[in-house]
Structure formats: structure tokens, C-alpha cells
Amino acid sequence: MKYLDEYRNADAARSLVRAIAARVTRPWNIMEVCGGQTHAIVRFALDEILPDEIRLIHGPGCPVCVTPLETIDRAIALAARPEVILCSFGDMLRVPGSGKDLFTVKSEGGDVRVVYSPIDAVTLARKHPDRQVVFFAIGFETTAPANAMAAVQAARLGLENFSMLVAHVLVPPAIRAVLDVPDCRVQGFLAAGHVCTVMGAAEYRPLAERYRVPIVITGFEPLDILRGVLMCVEQLESGRHEVANAYPRAVRPEGNPAAQRQVAEVFEPTGRKWRGIGEIPASGWRLGPAYARFDAERRFDLGHITAEEPDACRAGDVLQGRLRPCECPSFGVECTPEQPLGALMVSAEGACAAYYRYRRK
Amino acid sequence: MTNGHPREVTLSCPLPLRDYPTVQMAHGGGGRLMQELIEGLFLPGFAAGRPAIPHDSALVEVGRERLAFTTDSFVVTPLFFPGGDIGTLAVCGTVNDLAMTGAKPLYLSAGFILEEGLPLDTLRRIVESMRQAADEAGVQIVTGDTKVVDRGRGDGMYINTAGIGLIGPRTDIRPGRVEPGDAVLLSGDLGRHGIAVMSVREGLDFAGAPESDCAPLHGLVETMLAADGELHCLRDLTRGGLAAALNEIARHAQVGIELEEAAIPVCEGVRSACELLGLDPLYAANEGRLVAFCPAESVEEVLHLMHAHPLAESPAVIGLVVDEHPGVVELQSPFGGGRILDLLSGEQMPRIC
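Going line by line, the protein sequences match chains A and B.
For the first sequence, counting from 1, position 58 maps to 58 in our numbering; every step adds exactly one.
For our numbering, count along the second sequence from 1 and bump the result up by 1000.
A portion of the hints provided could be inaccurate.
As the list claims (entries may be wrong) - Here are a few chain A residues that face chain B, going by a calculated C-beta distance under 10 Å:
{"#": "1", "residue": "4"}
{"#": "2", "residue": "6"}
{"#": "3", "residue": "116"}
To be verified - Taking lysine to aspartate or glutamate and the EDC-like style, the derived pairs with C-alpha atoms no more than 20 Å apart in a straight line are:
{"#": "4", "chain 1": "A", "residue 1": "127", "chain 2": "A", "residue 2": "160"}
{"#": "5", "chain 1": "A", "residue 1": "106", "chain 2": "A", "residue 2": "120"}
{"#": "6", "chain 1": "A", "residue 1": "2", "chain 2": "B", "residue 2": "1280"}
{"#": "7", "chain 1": "A", "residue 1": "2", "chain 2": "B", "residue 2": "1268"}
{"#": "8", "chain 1": "B", "residue 1": "1104", "chain 2": "B", "residue 2": "1222"}
{"#": "9", "chain 1": "A", "residue 1": "127", "chain 2": "B", "residue 2": "1155"}
{"#": "10", "chain 1": "A", "residue 1": "2", "chain 2": "B", "residue 2": "1275"}
{"#": "11", "chain 1": "A", "residue 1": "106", "chain 2": "A", "residue 2": "160"}
{"#": "12", "chain 1": "A", "residue 1": "106", "chain 2": "B", "residue 2": "1155"}
{"#": "13", "chain 1": "B", "residue 1": "1147", "chain 2": "B", "residue 2": "1116"}
{"#": "14", "chain 1": "B", "residue 1": "1104", "chain 2": "B", "residue 2": "1230"}
What the hints assert, rightly or not - Calculated from the model, a selection of chain B residues having no Cβ within reach of chain A, i.e. all distances over 12 Å:
{"#": "15", "residue": "1027"}
{"#": "16", "residue": "1032"}
{"#": "17", "residue": "1051"}
{"#": "18", "residue": "1082"}
{"#": "19", "residue": "1120"}
{"#": "20", "residue": "1179"}
{"#": "21", "residue": "1275"}
{"#": "22", "residue": "1308"}
{"#": "23", "residue": "1335"}
Hints in this document: simulated from the structure, not taken from any laboratory.
The beta-carbon is built from N, C-alpha and C at its ideal position, and this holds for glycine as well.
Construct the complete structure from the given sequences, taking the supplied hints into account.
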């Protein structure tokens, strides 16, 4: 398969691993930010073939895992309303809210549908003028342009029965939150390639300078990830802290200006709660004034639904690299993908779920 | 969190869902929830005191004859998909379940649950597909039933088929015979049916999707049974794909299974669709593929016989049964590391990004 096979070549992977081993002189902790990268690392067992000095720490870049409990509760409340068709990406359906998940609401008669594109939700709204179609818009900067496009189309079509439950989050504030933790062990970052395809590299430079950490924009195939690790190790070993691009086939320095304009037209920055991390200022997007009429939280008055997140798991330790998922006493015992104790066990991109699926022994 | 007030990052989450009080889609998805439903509810209800054998058909004795007996229900939407329709599936699915015991499929029943308003022409086309598939498989549909439900209470139509087949006196093919040292053979590439059906579902049209692999496999099985060497077990791959089939067998036979990822054939169309949707072809549904377990000394001959049959398009040895890690299927990555090939909870869900 063009553009995939050449990035999954085992010989090329081994020679990159040799290059990393030749360069590394001491232990380094490197965080891959994106859940898609975590998934690939565990699926292709890349952490097992890297030199022992390199420890990969799995970051908070899985949108399913960080969407806060109260947002899920709001989605569940919406889905239970008889007039609502709730549209969501597939892996959101299994995430438990305070009491139940969207699968359960569906089995109780709620109209919950899996869509592959936010535009499908707009189409559904046109098809069902007698129903309220709500799209559960989660994700990082990557999914934001398409979600913004859905709002623009709904406005163009004058749809009164379409709205969005928006829970967008942003990568740079999350990196800052990780770095602000006392005794943070992360010494370098593999930034999420597809986020940078949209946003470009500029917003990472102040972070790299201020915290003196290399940030390498990295793709998602095995060779992409190994190349990202190599470029990060080269900087660490030579005491540099720059923003570098290991994914130039998808990321231009300026990102995608058209997508950025689309996002800026529809969304505005807002503080967001992150599951397990808490409130991070200006760490997300919500619908801006021009599109606020499509905000499901206002239309259905969901503000009263709040939820406190009980401390039930050690995902924080996993996130900081103090604990590997399989070292957690609950891992695979009382915490499994069927009965997750923590958000990291819920999504396929969560570090614990990736370990459970591929490493349980 | 502001720069002035750093605090510990602790991801946390709500209390888990212990179990579902109502039936979920995942209870029918071929994964862990379905396994729990069968083992926790159906087996205690229907088979208390008898050993539970995860075989595709029941084996029953009538006089001196040994019969394979099985049933299957078909609820696919849409009714027509590239490479087949619900009628082809209803015949092939039951024929294949019989064939996996080494039986010669003989007679089928067909029960129809029709939704009010279904065009008779649609029904006619599906009956014609069933007739063709039955002719191809050499089975007769000898009894049936029809019920009609109110409009809106069914997806056009559901079909149930049951079947019986005759097992030869020396044939003994079952999961319990799988033992360390057996080779794992796969008859062809994976995932065509699952991706073909998905490609025509609402909101997900994509070009270049493969056709379903839907086909009756008893002819291939008959060919394989002609080997001088032994066949220990056969399993057709359906919902839950290769992963579900191998996990079930590993668990029942209490053996480990080690697979070579690079040896498992997946065609370009399925690979591309899976990459696009964030799915894994090892979990995708098939309707015309089987895995066979046979001792090392029979491998060459069985493989040779499979090659000669048109339904085994790209047969391959994909792995080995081992003593280690009983009940667990492991996959060797081409990069050198290994990983577990586990059962999923229910159906695969496409990932967000």
C-alpha cells in the first residue's frame, strides 16, 4: 500500500534503531503526545526494539480519554431525549459517564448513531427535520476543521435542528500542563503530526524555548515514530531544544492556513476541563458568537449537569512515566476495557487499553 | 492549571460499569461480551451437566450414524452487498458450520421473518440466491417457516437456517484435538466480507472496496479430508474474524497459539479500508475462509491439496500451536516484538483519528 508499506519496512526500522543506539549515551524520557502514536508503538512493539536508555512516556493525546465526565454525562442526557438523534464517533460510545455509557442509552431506546464525518450529521439533520440532530464534536486540532465545516454548512442550509456538543481540546496547553508538574520527568516530546498538519509548528517554539525541551513533530507509522525518536535523541545528546519536523510529508511549517481560517471563523478559545488533569485555561475551543446558536449546551440548557471525578486509578502516574500500565496493581484485574477504572483503559488510543490489548501476560 | 500554580496531574475516572442490565449490540458482536452471554446464561440454561464444546455444530448420534446439527440467524443490513446477499449468507453460513465438523451437509431449513412492506421482488431475488447457493453446495432446503412483522419492526427481512450433515465413520475434527506442534493453516486473505458490507452501509460509501468472500466451504473441506495425514480441527472465520476463532480454540484446547503477522494474507482493498477506518483486519468478518490445525507431518500435503482447490485462494501456514501461554494467542510483529491478539469486547469501533 503506497505511503504505508514504505513506512513499515522492518529493515529500515532496524537501521533507524541502530542509529538511535549509536547516538544515545544516557537515559532519556521522551513523551509521545498523541494516542495514535501510543497505539502504533505498542501495536508494532517499537518500545521493545528501542535501546534500553530510551523510555517512551505515553501522553494525554487521546481525545476520548481526556473528555471530562460531565461532558459525557451531558451527551448521555441528550441521547436520552426522545427528539434527539445523537451522532458520535464510534469509540466515544463505550466511555462510561457517571452512571452509564452511550451504548446503554442506545439499548434503552436512545437514538445514538455512529458517524464517520461530521458532515454526515448535517445530512441526517436535513433528512429528519422533525428531530434534533446533535453532533458530539470531540477531538484535538485535527478534527476541528471538519467539525467547523459542519457548523458552516448547517448555517448555510439554515438548519434549525442541528447543533453540536463541543468538547475540543488543544495540544500546546496540554504539553505546558505536563511540563508544569513538579519533578516532571519528560525531557523531549514527539508532537502530534496531524495536529501540526492543521496548525503548523509556530506555537511550539515558545514552549521549546521556555522549558528548554526539544519538540519533534512526528508521524504515526513505525518509521515515522523511530525517526522522531532519533531526531529528539540527537537534540537531547547535543543539548539543543528546538522544534523540528520529522513528518515533512504531511506537515508544512505554516500548517494549513485555509483550515485555520475555517476554525477561527467558527470557534473561539475557552478553558476546558481535562479528565484527570483538571481545568486548563485556554485549552480548548467552543463555538464563537457567529455560531453560538448551534451550541447544544445552550439549546438544551445542559449547564446544570456537572460531575466530580473520583480518584479511582493511577493514570496520573502512567502519564508521568512513573508507572507503566502493566505495573499498575489494577491492570487487567479490576481494570479492563470492559470495566475500565480509568480513562486510559477506555479508548483504543489510551495507553492502558493499548497495553491491555497487546501486552497482557 | 496555570503556570503560577502547578499541581500534580492525576488522570482519574468514574466508577466502572460492572455489567449491563440490558442486551447490548456487543452481546452479538462475536467478542468477549457474547462469550460471557453464552457461558453465563445459555450454557447453564440448556447444557447443564454436559461439557461445553465451542464447535461450529453439535455432534449427535442417531442409530449408528453421526450427524452434525447447527443453526444460524442472519440479520445483515443492507440485504444486498458486493459479492452476495442475505440469502447467499444464510445458506453458506450454515453449510460452513456443518463442514467444519468434517460433515457432508445434506438438508437445510429456512425460516423467514419478513417486514411488512418488503417488495416481493426483493424476496424473490433472495430466494433465487438461496437456491443457487444450495445447488452449489449440494444441499436441499427441505422445510421452512414464514412470519411477518409490522413495518418498522425488522430490517426488511431476517433469515434463520438450520442444517444437518453426515459425518464419516473415521472423521474426528474438533477443537479438543488441537495440540502443541500443530500448524495453523489459513485458506485465504482476511476481512473481505466485513469490509464489503461496511462499504455499502449508510454514510460510508467508499470506492475500491472488495467483494464479500461468501462461499460454501464443504468442497474445500472434502478435498482436505482426502489427505493421508490427519486434520485435527477446522474453523470457519465469521464475526470477530481470525482473532475470535483462534482465541476460542486456544482457550478450549488450553494451548498457546503463535502467529507470524507477516504470513497472514490481507488484500490491498481490505488493508486500505481498515487503515482509513482505524480497523484491524484480524478482527474483520469473513464468510468464506477457514483455519485448519494439523500435525507438522501433514502440513505439506494439506497445503498442497488446498492449493489445488479454487476456494483456497492463497492458503498459507500462519502459525504454530505451542505449550506456552495456554489460552493466549500471540502475534509476532515483523519488527521483532510480540503482542497479544485478544478478543474484543464487542464489535470493532472505528477510531476517531
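Cross-check of the supplied hints:
no., hint, verdict
1, 4, "6 Å, holds"
2, 6, "14 Å, violated"
3, 116, "6 Å, holds"
4, A/127 x A/160, "13 Å, holds"
5, A/106 x A/120, "19 Å, holds"
6, A/2 x B/1280, "18 Å, holds"
7, A/2 x B/1268, "10 Å, holds"
8, B/1104 x B/1222, "8 Å, holds"
9, A/127 x B/1155, "19 Å, holds"
10, A/2 x B/1275, "12 Å, holds"
11, A/106 x A/160, "24 Å, violated"
12, A/106 x B/1155, "17 Å, holds"
13, B/1147 x B/1116, "10 Å, holds"
14, B/1104 x B/1230, "18 Å, holds"
15, 1027, "9 Å, violated"
16, 1032, "6 Å, violated"
17, 1051, "26 Å, holds"
18, 1082, "18 Å, holds"
19, 1120, "27 Å, holds"
20, 1179, "22 Å, holds"
21, 1275, "6 Å, violated"
22, 1308, "30 Å, holds"
23, 1335, "5 Å, violated"
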